[in-house]
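Student: Here's the letter readout for the chains.
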Amino acid sequence: MIDVHRQAFKEEAYELLSELETSLLELEETPEDSDLIGRVFRAMHTIKGSGAMFGFDDIASFTHEVETVFDMVRNGKLSVTKPLINLTLAARDQIKSMLDASESGGGADLTATVQIIAGLRALAGAEAPAAVTHQETAKPAAASTRITYRIRFAPCRGILGCGSNPLNLLVELRELGVCNVIAQTAGVPELEELDPESCYVYWDVILTTDQGMNAIKDVFIFVEDDCELSIEAVAEHDGYNSDEGYKKLGEILLERGDITTEEMASVLAEQKRFGELAVQKGIVTENKVEAALVEQRHVQAVRQEKQTSDAGNSIRVPAERLDLLVNLVGELVTVQARLSQTAAGRADLELSAIAEEVERLTGELRDSALNIRMLPIGSTFSKFKRLVRDLSSELGKEIEMTTDGAETELDKTVIEKLNDPLVHLIRNSLDHGIELPEVRVAAGKPRHGTVHLAAVHSGDSVLITIRDDGAGIDKEAVRAKAIENGIITPQAELTEKELFNLIFAPGFSTAKKISSISGRGVGMDVVKRAIEALRGTIDITSVYGEGAKITVRIPLTLAIIESLLVRIGRDFFMLPLSLVDECVELTREDVARSNGRHLANVREHLVPYIPLRERFLIHGESPEIEQIVITEVNGSRIGFVVDQVIGEHQTVIKSLGRAYKNVEGISGATILGDGSVALILDVPQLVQSVEAEAA
Amino acid sequence: MAKIIMTADDSASVRQMVSFTLKQGGYEVVEAVDGKDALQKLSGTKVDMLITDLNMPNLDGIGLIKGARALPSCKFIPIVMLTTESQDSRKQEGKAAGATGWIVKPFKPEQLMAVVKKVLG
Chain A
1 MIDVHRQAFK EEAYELLSEL ETSLLELEET PEDSDLIGRV FRAMHTIKGS GAMFGFDDIA
61 SFTHEVETVF DMVRNGKLSV TKPLINLTLA ARDQIKSMLD ASESGGGADL TATVQIIAGL
121 RALAGAEAPA AVTHQETAKP AAASTRITYR IRFAPCRGIL GCGSNPLNLL VELRELGVCN
181 VIAQTAGVPE LEELDPESCY VYWDVILTTD QGMNAIKDVF IFVEDDCELS IEAVAEHDGY
241 NSDEGYKKLG EILLERGDIT TEEMASVLAE QKRFGELAVQ KGIVTENKVE AALVEQRHVQ
301 AVRQEKQTSD AGNSIRVPAE RLDLLVNLVG ELVTVQARLS QTAAGRADLE LSAIAEEVER
361 LTGELRDSAL NIRMLPIGST FSKFKRLVRD LSSELGKEIE MTTDGAETEL DKTVIEKLND
421 PLVHLIRNSL DHGIELPEVR VAAGKPRHGT VHLAAVHSGD SVLITIRDDG AGIDKEAVRA
481 KAIENGIITP QAELTEKELF NLIFAPGFST AKKISSISGR GVGMDVVKRA IEALRGTIDI
541 TSVYGEGAKI TVRIPLTLAI IESLLVRIGR DFFMLPLSLV DECVELTRED VARSNGRHLA
601 NVREHLVPYI PLRERFLIHG ESPEIEQIVI TEVNGSRIGF VVDQVIGEHQ TVIKSLGRAY
661 KNVEGISGAT ILGDGSVALI LDVPQLVQSV EAEAA
Chain B
1 MAKIIMTADD SASVRQMVSF TLKQGGYEVV EAVDGKDALQ KLSGTKVDML ITDLNMPNLD
61 GIGLIKGARA LPSCKFIPIV MLTTESQDSR KQEGKAAGAT GWIVKPFKPE QLMAVVKKVL
121 G
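Those sequence lines, one after another, are chains A and B. Letter by letter, the first sequence follows residues 1 to 695 in the working numbering. Letter by letter, the second sequence follows residues 1 to 121 in the working numbering.
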């Protein structure tokens, strides 16, 4: 690639040289023309700069001499004379012969070079400094000892106007090692006086790195002049001789020059916590103390990390304890919701502040508690590899399994419950999907088939896909079978998606022969139910002859979901938000116009709906304007009519007692902020039972 | 979306090299042959960064930096100038005009990428 650039440079240089010749001859006629002088200077400058970049060092250093002289001419320190023009023309010819020489691989006439340089220097009247062509790129060998530095970076107000982003510099510092950054915001003025284009903040940074001081200075190289910068080494962490006690807070503040020895002594005399006292006395601001504290903790942490790094940094905990923790967090979320609601109902500022704080903390606690139970799905994947190997030899097929996204994390309980359905799906792919080697070769495919298993995060759920390059699904066979089994009538018109979905219908099997692996027709509907129990969805796409793809979408966790809270009469219900598409209004006229059929016209599309008030036999009059919550289930849009949509809700799922276990259409319950109970709708099941009644 | 970087240089070979290096690094590149051309293109397109030579015909690098900083869309973008060692005073002049940083010629593609990453984040 470099050669292309070298060639481009040469072409450009030849062009510049011929231009230079013309300019020089013109300049001889009009020696005062500053435009011409500028043009000559630029030509030289470009040849020098670009020459050095593409490895023409001899040309660069030679041209530098000419450029120096013309810089003087440009600045009026030297006038254009006949000898100057002659010399420059000679220099131009010399550059050209150097370029030619580089082409043939030989060197240019060195004596001529030396003569011209001598002549130019004589003209310039002084020994011009020789061109420096080497560059200091070699950094001192990275010191292997880790040193903790204390850095104070105080950019000037106008730093943003230079296009520098202090944030980038801090990010760069973080890349050097273990880093703690404290922003000092005491300088930020009141809003009326604040200029949004100025930088009022400065930063105290504690950095432990093995890159040395120069690496830190390099970070700030462009802003050196635009900021106050101090970098000091505060601690070394090499070998085992660093067991000295860490510095006391007061000592750090003293070292930073934020307080004096006398002030420290007077504060210490009172024998309380130093930081609080120093702030109380108005000697230092809270921020400065915090910065010092962070430094103290940072050094402690680095030491501790050294001590514990050998011991490993994970512990084993029985799963029940984690489950208990998650349950407790669930209760806490419920209580917190009540607290927030209570606080919102009263005009008590103090209470709202506490409620807000609790809300924030609960959110963090919930996320990290759920995070503990997350496991990578990889261990399950490797089990499947064995399964594929054993089954393919049993079936006389050559099948390879590839996986992707083994590191994708899912709730432990979800992974456990996902195992059986996935085994079933893979078995199906192997048995029905991938053809025998001879069949594959006849169809122009490679002998061995591939099953690809992939997991990937998508929003608050995980997508697991099983893709094979086998025979695919024969739509006509599916149709014939469904008619034979009485699942659909011969007249039924179905979309491709609906047709594929028939595979999940109870009592459906397309394999002509029953093998020990699959084909008893009890499989796919069980798989679907298992996935739906995890509040997931399953989808099939296939091109006949090329293979099939099954996509399973599973929520990240089971304990807490986002849902839409709705009201019918005085009862509350929840719909899982992941299923909800949109909400539209339904007026009495709409209902009257549709002649008793439950169909709504949404942007020219007819959407069937289920009036929940009717379905759940809730007494009372429906309001003038009802709401339809439109959900997407199994690829078709179905609406649910409710009185009012209240909004999004973080729902902690409580299972219903044994007596209610078999209630259709309800998957659980939750407790609302005011203590009342809302039922969680099992949307797919509701749709199914309504469809079954209609048929 | 790829970030857009403008390179303003009257030397076609430097422009080619800068542009090639940046494109390999995944950036989109707009080329300008001198300061005037650059300013014209800047008023029409939004760029995320500007790399400019100092010595150019029509409008030089310093003029370009000043002109660019006066445009609302370029007020806070990083501007990096290409200088040679002999131009220390010009470097100061460039900084005063509003340049963010500089690259000393000659430079290698890695050095260019390091500076771009540094100022563009």
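Derived by calculation from the structure, the hints in this document are not laboratory data. These figures come from a predicted structure and were not determined experimentally. Honestly, I wouldn't trust all of these hints.
[What the hints assert, rightly or not] Here are the computed lysine-lysine pairs in the PhoX-like style, where the Cα-Cα straight-line distance is at most 25 Å:
no., chain 1, residue 1, chain 2, residue 2
1, B, 46, B, 36
2, B, 91, A, 77
3, B, 108, B, 75
4, B, 95, B, 41
5, A, 217, A, 412
6, B, 46, B, 117
7, B, 108, A, 10
8, B, 117, B, 41
9, A, 217, B, 46
10, B, 95, A, 10
11, B, 91, A, 217
12, B, 66, B, 3
13, B, 95, B, 75
14, B, 36, B, 66
15, B, 75, B, 3
16, B, 3, B, 23
17, B, 41, B, 66
18, B, 46, B, 3
19, A, 217, B, 41
20, A, 217, B, 117
21, A, 445, A, 385
[Stated by the list, open to error] Label pairs and their computed distance ranges (CB to CB):
no., chain 1, residue 1, chain 2, residue 2, range
22, B, 46, A, 320, 50 to 58 Å
23, A, 122, B, 58, 43 to 51 Å
24, A, 327, B, 26, 27 to 35 Å
25, B, 26, A, 315, 52 to 60 Å
26, B, 46, A, 664, 53 to 61 Å
27, A, 646, B, 121, 53 to 61 Å
28, A, 526, B, 113, 53 to 61 Å
29, B, 58, A, 549, 53 to 61 Å
[Stated by the list, open to error] So, partial list: chain A residues that the calculated Cβ filter (under 10 Å) puts toward chain B:
no., residue
30, 17
31, 46
32, 118
33, 119
34, 162
Here a beta-carbon is modelled for each residue, glycine too, at the ideal position from N, C-alpha and C.
Student: Indicate, hint by hint, whether the structure satisfies it.
Tutor: Hints, one by one, checked against the model:
1. At most 25 Å may separate the alpha-carbon atoms for a hinted pair to count; residue 46/B and residue 36/B meet this at roughly 16 Å.
2. Distance check on the hinted pair: residue 91/B and residue 77/A sit about 21 Å apart at the alpha-carbon level, within 25 Å; holds.
3. Of the supplied pair hints, the one linking residue 108/B and residue 75/B is violated, its CA atoms being roughly 28 Å apart against a limit of 25 Å.
4. Proximity of residue 95/B to residue 41/B is assessed by CA-CA distance (about 22 Å); at most 25 Å being required, the pair is judged to hold.
5. Of the pairs offered as hints, the one joining residue 217/A and residue 412/A is violated, with about 47 Å between alpha carbons and a cut-off of 25 Å exceeded.
6. Simply put, residue 46/B and residue 117/B have alpha-carbon atoms about 19 Å apart, close enough for the 25 Å limit, and the pair holds.
7. Proposed proximity of residue 108/B and residue 10/A is supported: the alpha carbons are some 18 Å apart, at most 25 Å.
8. Our distance criterion of 25 Å between C-alpha atoms is met by residue 117/B and residue 41/B, whose separation comes to about 23 Å.
9. Simply put, residue 217/A and residue 46/B have alpha-carbon atoms about 32 Å apart, too far for the 25 Å limit, and the pair is violated.
10. Between residue 95/B and residue 10/A the CA atoms are separated by roughly 32 Å; this puts the pair beyond 25 Å, and the hint is violated.
11. Distance restraint check for residue 91/B and residue 217/A: the Cα-Cα separation of roughly 19 Å lies within the 25 Å cut-off, and the hinted pair is therefore satisfied.
12. Proposed proximity of residue 66/B and residue 3/B is supported: the alpha carbons are some 22 Å apart, at most 25 Å.
13. Between residue 95/B and residue 75/B, the direct Cα distance comes to roughly 14 Å. Compliance with the 25 Å bound is thereby established for this hinted pair.
14. Taking the CA atoms of residue 36/B and residue 66/B, the gap is near 12 Å; set against the 25 Å cutoff, the hint holds.
15. Under the criterion of a C-alpha separation no larger than 25 Å, the hint pairing residue 75/B with residue 3/B is consistent with the structure, at around 17 Å.
16. A threshold of 25 Å between alpha carbons decides the hint, and for residue 3/B with residue 23/B the separation of about 10 Å falls inside it, so the pair holds.
17. Distance restraint check for residue 41/B and residue 66/B: the Cα-Cα separation of roughly 15 Å lies within the 25 Å cut-off, and the hinted pair is therefore satisfied.
18. The straight-line distance between the Cα atoms of residue 46/B and residue 3/B is roughly 10 Å, inside the 25 Å bound, and the hint therefore holds.
19. Distance check on the hinted pair: residue 217/A and residue 41/B sit about 35 Å apart at the alpha-carbon level, beyond 25 Å; violated.
20. A hinted pair counts as satisfied when its Cα atoms are at most 25 Å apart, and residue 217/A with residue 117/B qualifies at roughly 17 Å.
21. Using a Cα cut-off of 25 Å, the hinted pair residue 445/A and residue 385/A holds, with the two alpha carbons roughly 22 Å apart.
22. The given range of 50 to 58 Å is respected by residue 46/B and residue 320/A, whose C-beta atoms sit roughly 57 Å from each other.
23. For the hinted restraint 43 to 51 Å between residue 122/A and residue 58/B, the CB-CB distance of approximately 34 Å leaves it violated.
24. Between residue 327/A and residue 26/B the C-beta distance comes to about 47 Å, which lies outside the given range of 27 to 35 Å.
25. Between residue 26/B and residue 315/A the C-beta distance comes to about 41 Å, which lies outside the given range of 52 to 60 Å.
26. Checking the proposed 53 to 61 Å range against residue 46/B and residue 664/A shows it holds: the Cβ atoms sit about 57 Å from each other.
27. Checked against the hint of 53 to 61 Å, the C-beta distance between residue 646/A and residue 121/B comes to roughly 42 Å, which is inconsistent with it.
28. Between residue 526/A and residue 113/B the Cβ separation comes to about 55 Å, which falls inside the hinted range of 53 to 61 Å.
29. At roughly 59 Å, the beta carbons of residue 58/B and residue 549/A sit within the given window of 53 to 61 Å.
30. A least Cβ separation of about 13 Å between residue 17/A and chain B goes past the 10 Å threshold, and the interface hint is therefore violated.
31. Interface restraint check: residue 46/A against chain B, minimum CB-CB distance 4 Å, threshold 10 Å, status holds.
32. Evaluation of the residue 118/A hint against chain B yields a violated restraint, the C-beta minimum of about 20 Å exceeding 10 Å.
33. A hinted interface residue such as residue 119/A counts as satisfied when its beta carbon comes closer than 10 Å to some beta carbon of chain B; here the least separation is about 20 Å, so the hint is violated.
34. Checking residue 162/A against chain B by beta carbon gives a least distance of about 5 Å; that is within 10 Å, so the hint holds.
Figure legend: structure checked against the earlier numbered hints; hints not met, in rising order: 3, 5, 9, 10, 19, 23, 24, 25, 27, 30, 32 and 33.
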